Amino acid sequence: MAASAAGLSPVSDPSPAVNPQFILLGDSITQNSTVSLQAYLATQYTRRFDVINRGYSGYTAPLGLRAIQKFLPKSHTIQRPDVPPVRLLTLWYGANDACAPGGAGNQHVPLDEYVASLEAITRYQVLEAQKTAIVILTPPPVDEHQFDEVNPRTAARTAEYAAACRQVAHRLGHPLVDVWKLFMAEAGFDGLTQQDALPGSKAGPPSSVLRELLWDGLHLSIKGYRLVFEELMRGWHVVHDDPDFAYEKFAADSQLCQEGAVLAVAALPPSKFQRRGVQQGRVTLPGTVSLAMPAIAQRCGACRAWVVAPVASVSPAYPFSSLLIGPFVRRADGFARLEIQCTSERVMPKRGRKARGPATEGSEEPVQIYRVVERLRPLQILHHYDEDDLLRPKSCSLSMETASLLLDHFYNSPNREFHTRIVRRRYLLHPTSPRVTSPLLLLTILTMACFMSSTGDRLPIPSYHRVEFLSLRRFLLSRVGALFDKETLPDSRASVDVTITAFMLTMISTSDPSLEASVPHWVAVLKFKMQQLQIIMHEFKGSTEDVEEYRRLCWATYIMDRHSAFSFNLQPQLPEADSSLIPRPCADAIWEQDEDLPHDLHSHHLPQDTPREYEVSSVDLFGLLIPISRILGEIMDYHAFRQSPLLGKERDVLDRVRGKIEDHLQSWYASFRRFATGDLCQVSLPNYNLVDPFQHPTVAYYALHLYHCMHILLFSRMDALQMYNDLEWQSSPGFIAAGEQAMSCANVARHIVIVDPKLDFMCRYFGTYLLQSSFIFLILAQKLGNHADNVVLGTCVVNLKVLELFVGLTNMDYQKGFAQLLRQTIARAMPDQNFETDGGSPWSDNEASYQNHVDFELSRYRWVPGFRGLWTVD
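For the sequence shown, the numbering used here gives the first residue as -19, with consecutive numbering after it.
Hint data in this document are derived by calculation from the structure and do not stem from the laboratory. Take the hints with a grain of salt, since some may be wrong.
Here are the computed lysine-lysine pairs in the DSS-like style, where the Cα-Cα straight-line distance is at most 25 Å [as the list claims (entries may be wrong)]:
hint, residue 1, residue 2
1, Lys738, Lys796
2, Lys521, Lys507
3, Lys161, Lys182
4, Lys507, Lys466
5, Lys182, Lys521
6, Lys203, Lys182
7, Lys640, Lys738
8, Lys763, Lys796
9, Lys203, Lys161
10, Lys640, Lys629
11, Lys781, Lys738
12, Lys763, Lys781
13, Lys796, Lys781
14, Lys54, Lys111
Pairwise CB distance ranges (calculated) [stated by the list, open to error]:
hint, residue 1, residue 2, range
15, Ala620, Asn832, 30 to 40 Å
16, Ser711, Leu469, 18 to 28 Å
17, Ile349, Ala620, 25 to 35 Å
Here the structure is a predicted model, which means the values were calculated and not measured. Yeah, the Cβ is synthetic: ideal placement off N, Cα and C, and Gly gets one too.
Construct all of the structure, not just a fragment, from the sequences and the given hints.
Structure, rendered in structure tokens:
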């Protein structure tokens, strides 16, 4: 081909109008090969065939016979030039056919019917007319040790179906890829040595090799698919006399490679053009490409760009490489010194988007890939390319690296609420035997991680920009919602994984203003799932991790039940009697250590040996907040009695009930003091400053604030508008007691901001109690106006600062409204300080306008019958 006058001209596309097809026919094992086996085959055959995946989850050989009648061309159309012929077909059934009779999904196919269906597919008239080459694959073995529930598949039954498949291939003369023998050979089983049990059978020990090849005991991992691909390539062109079936042939017969043409590599980041596996070291172009001047592509060590340089000869050093680059024509004499300048040698600085931070040598740490991520394979959202691969948008898929980074962030985030304390990190991220986790729960954990705060301003995934990260978060949330939808049906089955998923969805719904209105819905779903689970788990027995995980889930749901009932002015739905039968969880210090749990862990936590129900058992979330939540439930019962037409008039009874609750609070505080070190309990005193506030656990400050807030709830009316208008209560000892406790809350909040400057630790739980603790001094500042003293105004300023931190973190409507109201109240009481409102100008002297604003904000969120607290639907 002659070169153009300019020296460069595009090469026309020589591909035919219709490419022949290479069809992969099978069940979910074939369907899940989209980013593995199918991608490998497409890389090799893309110049000759269209590789099409026709694997369908749950299908058996008889269903496959019916399926080909739908998607294969009709016999009367196969001669038409616009109908692509099927040149190659892989036939891979048996994993579902080998299920036991009566198993889940009724997938069992008798052995004789399975054999007849395979033979019928190979003799299908369209395939015979087109002389389609068919390769039969045996079903892989199964690993019964990885099945998390009663599974209708066994290693012995699968071996029988693999043998029958083998006989069909030999009898009909079709090529065979014996996946069963291939995997068994990897596991050390040769079929000759006498063994007590097949590898993968529960009658024998677990096989670490099968665990690597089968990510869930049935479906193949990336390593498993790679073994199948290599076995297929080893025998493919040897079996057929037609040289067109040799995959090395396909790259050489294209008209793209003409005299004087060269495939040039642009000086761009390699991830834009290169597949994984060809990005390090020296990579040669495929040796069968005919070039006027052979060349190699090499990465520059200084700038990581790729340069092209001529060499004497080219050899296929990397048979799986697929250089996604465009064709260019260049004069042969001009190619002799073809070189792309290294970007580090440029005189002018490189233009483009600024880096996120200073780049230092060795700053990019390798990402640890967690094995449990393989359990997302059935969801078809994993890919194995670089994060900035142009072929797949970041917002609609996950790489193994991205998923692993989100798992790290889930456990390392400053946000350390209950959702991070249920599933043990060591159990979930174990390098060889991770927790058997459902894809739905694992995807929910990744989604939850996207809603958790990071240290500093750095995103959990460094390679993502904020818009890309938010798009990924929306994508994951939509997938979780679609998958969880069927679990909300009344006849859905309960399980630990589904209930943990419901718990995390409840936490997610409190993480974003756009999801705020759905919080009561998810709380109801969580309680329903928890009640279902407690029925079937009454006699639960499992490993130490499983038992402790169930206890933590029960108590986390118990705490959430009391918290949500208080937040939305409801009554708790989980009975106290049922919860008292469940022992408390072990201390977080034991649960989070990177060691095996003690075998006798639960022997020390029997119901009759647990600490007293109102005492602190350990300085962590569960040890501190379980008794606080029990007291919160009693306070809500007390106010329900007080508002009852029958019991509300029994003042003596109500006083005795309140006295008992005060005793319970004192029991909590006395036990807390035994655990508290130094002068921690003094932080509730005015103007007290700790010498080293960071020597105490952050959770201890939050718990102490909640302790004082419980007194406010006990002595006050809970409803802000009632407190504002109830003059009789404002002159009672209860108002004075509540005011003292509100001041203690503000003093503790001042220290919380020191140890947790962004309020990340438990932002979803703490906001409601901070709001309740600010009501008293808001009313005092409003009533006193210009006569408010420094104590009142100083407390209001502390509460305002903490509320505004919450607004910046979660941006919930109720926080924004009360923060604005509190700011305006302070501005009204301190006119000489020029205290600015949210609008940026000092508060005006329009008393009527201010009073209307007070009435509006206080009436939006009510804790009286007929209202739902913080839940408002505008």
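Status of the hints after comparison with the structure:
1. Lys738 with Lys796: Cα-Cα ~16 Å, so holds.
2. Lys521 with Lys507: Holds. Lys521 to Lys507 sits at ~22 Å (cutoff 25 Å).
3. Lys161 with Lys182: holds, 19 Å
4. Lys507 with Lys466: At roughly 17 Å apart (the allowed maximum being 25 Å), Lys466 and Lys507 satisfy the hint.
5. Lys182 with Lys521: holds, 19 Å
6. Lys203 with Lys182: holds, 23 Å
7. Lys640 with Lys738: violated, 37 Å
8. Lys763 with Lys796: holds, 22 Å
9. Lys203 with Lys161: Distance of about 16 Å is within 25 Å: holds.
10. Lys640 with Lys629: holds, 19 Å
11. Lys781 with Lys738: Answer holds: Lys781 to Lys738 is near 11 Å, not above 25 Å.
12. Lys763 with Lys781: Holds, because 21 Å separates the two Cα atoms, which is no more than 25 Å.
13. Lys796 with Lys781: holds, 12 Å
14. Lys54 with Lys111: With Cα atoms ~15 Å apart, Lys54 and Lys111 stay inside 25 Å; holds.
15. Ala620 with Asn832: 30 to 40 Å: holds, 32 Å
16. Ser711 with Leu469: 18 to 28 Å: violated, 54 Å
17. Ile349 with Ala620: 25 to 35 Å: violated, 52 Å
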